[in-house]
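*Asks:* Okay, here's what each chain looks like letter by letter:
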Amino acid sequence: MVRFFVGFLLLQAALFGAELTPWAQHWFVAPWTNALAAISADIVKLFDSQVFAEGKILQSQRNGFAVSIEAGCNGVEATIVLVAAMLAFPASWQRKVAGLAAGIVAVQGLNVIRVISLFYLGQWSAPAFEFAHQYVWQALIMLDVLVIWLLWVRTLPRGGVAAAPA
Amino acid sequence: MRELSLGGFVLRVAAWLPPAFLVWYAAATIFAWPIALLTEAVARLAFGDLVGKVEQHGHIVTIVSTLKAGAATTGNPVEGVVSVGLNTLLYSFGYPMLAALTLAARQPRAWRTLLVGYFALAPFVTWGIVAEFLKHVAFDTPASVASQAGFGATERELIAFAYQFGVLILPTVAPAVFWVLTHRGFLERFAAARRPVAGLQ
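In order, the protein sequence lines correspond to chains A and D. This note's numbering applies: residue 1 is where the first sequence begins, and numbers increase by one. This note's numbering applies: residue 1 is where the second sequence begins, and numbers increase by one.
Because the hints were derived from the structure by calculation, they are not lab data. In this text the structure is predicted, and so the values were computed from the model without any measurement. Among the hints, erroneous ones may be present.
Reference excerpt, derived from the structure (chain A facing chain D, CB under 7 Å, subset only) [to be verified]:
1) D42
2) G72
3) V81
4) L121
5) V153
6) R154
Note that CB positions come from ideal geometry on N, CA and C, so glycine has one too.
The task is simple: from the sequences and hints, build the whole structure.
*Replies:* Here it is, written out as structure tokens:
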């Protein structure tokens with residue numbers, strides 16, 4: 001358990017530090033954030049055709065309301081935490097890769113729901129948007145990461161988990 | 001022994017989350033109290049030359065710096081100092097998250113765990129508060145003010161990293177790690193629930 005936590009914290013700090021570098025921001029974070037806005041717009045267009053994405057901004061043509069997807073709202077940090085938790089936990093590489101693939105999709109899936117819900121919440125009430133944006137959704141995304149990790153740990157065969165020193 | 005169902009656990013977390021957020025928001029002043037005390041201690045110990053005093057107004061912790069707000073000239077004597085109001089809620093929303101997780105796990109002595117968590121998480125919230133103050137001084141003030149702090153390039157980089165880490169990672173990861181550490185028995189039984197032989201050794 002101690003080895004897991006030390007590995008988790010080190011990996012997380014290293015991945016987070018790497019994410020902040022200009023190279024990662026330019027080649028990974030910015031394109032990913034733009035793609036997130038585009039995916040959100042594509043989904044919203046299924047029931048609201050007057051919405052479009054431009055770069056990292058999701059905007060309504062009806063009333064001009066827009067949200068800009070910034071650091072902390074693009075799901076990158078939540079993904080980093082999940083990656084660190086799965087890589088640090090004793091399991092086979094096959095299990096880790098499968099867990100990461102499914103886990104990242106699940107985290108980003110909920111994050112798309114976050115972006116879309118905040119987009120409409122902001123059009124309804126600014127205080128509600130602020131509360132949900134700054135506090136509630138941050139906690140929900142981390143709870144999602146925790147639940148995914150628990151689910152993944154639960155699927156591991158006994159041998160994979162038994163290697164964890166307590 | 002109760003069956004450990006993931007669905008049941010998630011539903012209980014979802015049920016506890018709204019009242020936990022309500023209590024946290026309503027009692028924000030109480031939650032901010034140890035954070036204000038810790039912020040004052042850290043600020044005076046580590047940045048004594050930058051910090052004049054620390055005040056708490058509800059959930060806002062204000063750090064009054066020793067930095068003069070403008071450059072003094074013979075015709076314009078400096079009167080004020082820079083102060084930064086910091087929202088403790090931005091860094092402490094892990095408290096309701098921890099409460100929901102802890103109460104949903106239904107383990108013995110849950111309230112004691114929450115009391116310990118209240119104090120255990122305070123340093124991480126304080127990290128965010130102090131880092132935001134330093135970020136404000138280093139990056140958000142006019143050059144005439146920032147230069148008084150005397151931060152070098154490396155220090156500015158460290159401040160930027162500390163601030164980003166304090167706002168993007170610590171508020172959610174710290175309570176999650178605390179919960180995992182204080183619920184090892186629960187997690188061991190949970191992880192073993194679907195295996196023929198239990199054991200997170």
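*Asks:* Take the hints in turn and mark each one as holding or not.
*Replies:* Now the hints, each set against the structure:
no.: 1; hint: D42; verdict: violated (27 Å)
no.: 2; hint: G72; verdict: holds (5 Å)
no.: 3; hint: V81; verdict: holds (6 Å)
no.: 4; hint: L121; verdict: violated (15 Å)
no.: 5; hint: V153; verdict: holds (5 Å)
no.: 6; hint: R154; verdict: holds (5 Å)
Hint violations for this structure: numbers 1 and 4, all remaining hints satisfied.
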